[in-house]
Amino acid sequence: RAYLETGQAEKAIPHLKSAVAGDKDGSIYYQLARAYRSVGQKELERETLKKFAAIQASESVEKQNIEEQARITRP
1 RAYLETGQAE KAIPHLKSAV AGDKDGSIYY QLARAYRSVG QKELERETLK KFAAIQASES
61 VEKQNIEEQA RITRP
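Per the numbering used here, the very first residue in the sequence shown carries number 1; after that it's consecutive.
Some clues are possibly wrong.
To be verified - Ranges of calculated distance between the beta carbons of each label pair, as one might list FRET restraints:
{"#": "1", "residue 1": "LEU44", "residue 2": "GLY7", "range": "17 to 25 angstroms"}
{"#": "2", "residue 1": "LYS11", "residue 2": "SER58", "range": "17 to 25 angstroms"}
{"#": "3", "residue 1": "ALA57", "residue 2": "ALA21", "range": "15 to 23 angstroms"}
{"#": "4", "residue 1": "GLU47", "residue 2": "ASP25", "range": "17 to 25 angstroms"}
{"#": "5", "residue 1": "ARG46", "residue 2": "GLU10", "range": "13 to 21 angstroms"}
{"#": "6", "residue 1": "SER58", "residue 2": "GLY7", "range": "26 to 34 angstroms"}
{"#": "7", "residue 1": "ALA53", "residue 2": "ALA21", "range": "24 to 32 angstroms"}
{"#": "8", "residue 1": "LYS42", "residue 2": "VAL20", "range": "24 to 32 angstroms"}
{"#": "9", "residue 1": "GLU59", "residue 2": "GLY7", "range": "27 to 35 angstroms"}
None of these hints come from the bench; they were simulated from the model. Heads up, the beta-carbon is just placed ideally off N, CA and C, and yes, glycines get one too.
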């Protein structure tokens, strides 16, 4: 992220790509998409944003399921 903030997106990309395996909330995919946009790689930006959106949607469904279970099991 520091590379992105200092305008060095090309340096950020390899670090972000190696970190996405542990991305549980999509934030790394989002940062990677920003980096791709900064260097003009529009197709990679689009693909990465799709992955980000999928993680966010999955997280939202999981949160809804947990909230539903909490309502059902309350005393």
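Hints and how they fare:
no.	hint	in the structure
1	LEU44 / GLY7: 17 to 25 angstroms	19 angstroms, holds
2	LYS11 / SER58: 17 to 25 angstroms	30 angstroms, violated
3	ALA57 / ALA21: 15 to 23 angstroms	19 angstroms, holds
4	GLU47 / ASP25: 17 to 25 angstroms	18 angstroms, holds
5	ARG46 / GLU10: 13 to 21 angstroms	19 angstroms, holds
6	SER58 / GLY7: 26 to 34 angstroms	32 angstroms, holds
7	ALA53 / ALA21: 24 to 32 angstroms	18 angstroms, violated
8	LYS42 / VAL20: 24 to 32 angstroms	19 angstroms, violated
9	GLU59 / GLY7: 27 to 35 angstroms	30 angstroms, holds
The structure fails hints 2, 7 and 8 (numbered hints given earlier, in ascending order).
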